[in-house]
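Same order as they appear, the protein sequences are chains A and B. So for the first sequence, numbering that gives the first Met the number 0 puts the first residue at 0; every next one is plus one. So for the second sequence, numbering that gives the first Met the number 0 puts the first residue at 0; every next one is plus one.
If you're looking for bench data, these hints aren't it; they were derived computationally from the structure. Some hints here could point you the wrong way.
[Unchecked claim] Covered stretches of chain B (chain A as the covering partner; in silico rule of three or more C-beta atoms under 8 Å from a C-beta of chain A):
1. 53-67
2. 107-116
[Claimed, not checked] Examples of chain B residues toward chain A, derived with CB under 7 Å:
3. Ala88
4. Trp93
5. Ala128
6. His129
7. Pro134
8. Phe154
Keep in mind it's a predicted model, so treat the numbers as computed, not measured. Backbone N, C-alpha and C fix where the C-beta goes; we use that ideal spot for every residue, glycine too.
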Amino acid sequence: MRARLEYVLRFGDSALVLAQRLCALVAHAPVMEEDVALANVSLDLFGQARLWLAYAGELEGAARDEDTLAFHRDAGAFRNVLLVERPNGDFAETTARGYFYDLWASLAFAELVRSKDERIAAVAEKSRKENAYHLRRSEDWVVRLGDGTEESHARMQRAVNELWRYTGELFLADDVDTAMASGGIGFAPAALREPWLERVKTTFGAAALELPVDPWMQRGGKQGVHTEALGYLLAEMQILPRTIAGAVW
Amino acid sequence: MVTVGGRNSVESIRVWLDDVRDPEIPVVSITDLGILRDVRHASDGVLEVILTPTYSGCPATETIREDVERALREHGIENGRVVMQLSPAWTTAWINERGRERLRAFGIAPPEDAARCPRCGSVSARELAHFGSTPCKALYRCNQCDEPFDYFKRF
């Protein structure tokens with residue numbers, strides 16, 4: 000059960016952290032339509048995180064619900080991939096981060112809908128439909144900015160170069176991944192790499208972007224080893240329920 | 000009140016629940032949207048109402064759940080149980096004809112192959128934004144009458 004709990008936390012925490020990043024952009028987006036879109040994507044991700052974390056709480060069996068897991072764990076207990084905790088940066092960085100995640104999630108959910116764990120399959124089925132719209136939008140923006148003005152192109156290229164090193168972890172397996180894949184509950188992360196890379200190449204072709212060559216890949220998020228950025232995000236997200244014990248809406 | 004063997008019939012409960020509206024789009028009921036999946040007496044005798052969320056983060060889901068619980072209580076069912084069912088995942092194909100007509104009359108293009116302007120009926124429209132006032136909608140503008148409108152996305 001421990002491996003399954005770890006596994007579910009990875010998806011739940013990744014959705015939660017990205018949702019928190021995106022909601023910080025509300026009222027700061029470059030145009031009104033994007034403000035609305037970012038808020039809606041964030042809302043979907045919060046909803047998905049809630050479904051995953053509610054299940055994680057049940058698997059753990061320690062009477063921690065999704066709110067307790069979200070607000071009363073420190074960075075070292077979070078299992079999100081490093082990519083989603085990276086700061087919003089400029090709109091190109093937000094877009095690149097979203098695109099890399101959305102594309103990976105679309106492939107991951109397509110695998111998880113076949114999970115032998117019915118609960119995982121159900122959450123993946125729900126998330127997959129929402130994710131399809133997120134991917135459509137983020138991919139569209141990668142092309143528009145990449146194949147846009149001189150400045151938008153330069154910023155988009157810089158953003159994908161900067162974030163590339165956080166994409167390796169998405170395809171790396173550890174003991175948890177291996178146990179889940181062999182049990183028919185999860186999938187082999189490495190199997191997603193080719194389809195992910197092929198689609199990135201196609202998108203970058205349309206966006207006039209160069210594929211980054213950085214061979215160095217960061218890792219550790221899935222095991223709880225995070226970048227400094229996550230601590231600040233959690234401090235802001237968790238301050239209210241941690242300052243006022245028992246605070247509820 | 001229609002009762003069968005001392006219990007409310009499932010049919011009569013379905014009729015009451017048809018009064019529960021979507022808080023974001025109050026012209027359509029939970030029956031119209033296909034959110035109400037089933038009404039049944041569980042093996043322990045408790046009345047169960049099966050709902051499915053539209054979008055996982057949609058804030059209307061919580062409100063709808065509370066509204067259903069209230070509707071049951073108002074009809075004398077104190078111990079009803081609302082069950083949220085994720086699978087099979089909700090799809091806009093479950094929105095019934097009455098619901099589609101109500102959406103159109105309200106100014107929202109219902110989910111179809113193409114976004115059809117709810118005002119002039121033209122199928123020539125352009126997408127302004129993938130996301131509209133709620134996650135389930137996109138923003139369009141009609142090329143015929145030039146009015147902007149919400150399109151309920153196929154999902």
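Results of checking the hints against the structure:
Coverage of the stretch 53-67 of chain B by chain A holds. Counting CB-CB distances below 8 Å, 5 residues qualify, and the rule asks for three or more. Given a C-beta distance limit of less than 8 Å, the hint that chain A covers the stretch 107-116 of chain B is violated, as 0 residues qualify and 3 are needed. A distance limit of 7 Å between C-beta atoms decides the matter here; for Ala88/B the minimum to chain A is near 5 Å, and the interface restraint holds. Taking 7 Å as the C-beta cut-off, the interface hint given for Trp93/B is violated, the closest approach to chain A being about 13 Å.
The interface hint given for Ala128/B holds, since its Cβ lies 4 Å from the closest Cβ of chain A, which is under the 7 Å cut-off. Interface hint at His129/B: satisfied, since its Cβ lies 5 Å from the closest Cβ of chain A, which is below the 7 Å cut-off. For Pro134/B, the suggested interface contact is upheld, since its CB lies about 4 Å from the closest CB of chain A, less than 7 Å. Among the interface hints, the one on Phe154/B holds; its C-beta lies about 6 Å from the nearest C-beta in chain A, closer than the 7 Å criterion.
In summary, the numbered hints that this structure violates are 2 and 4.
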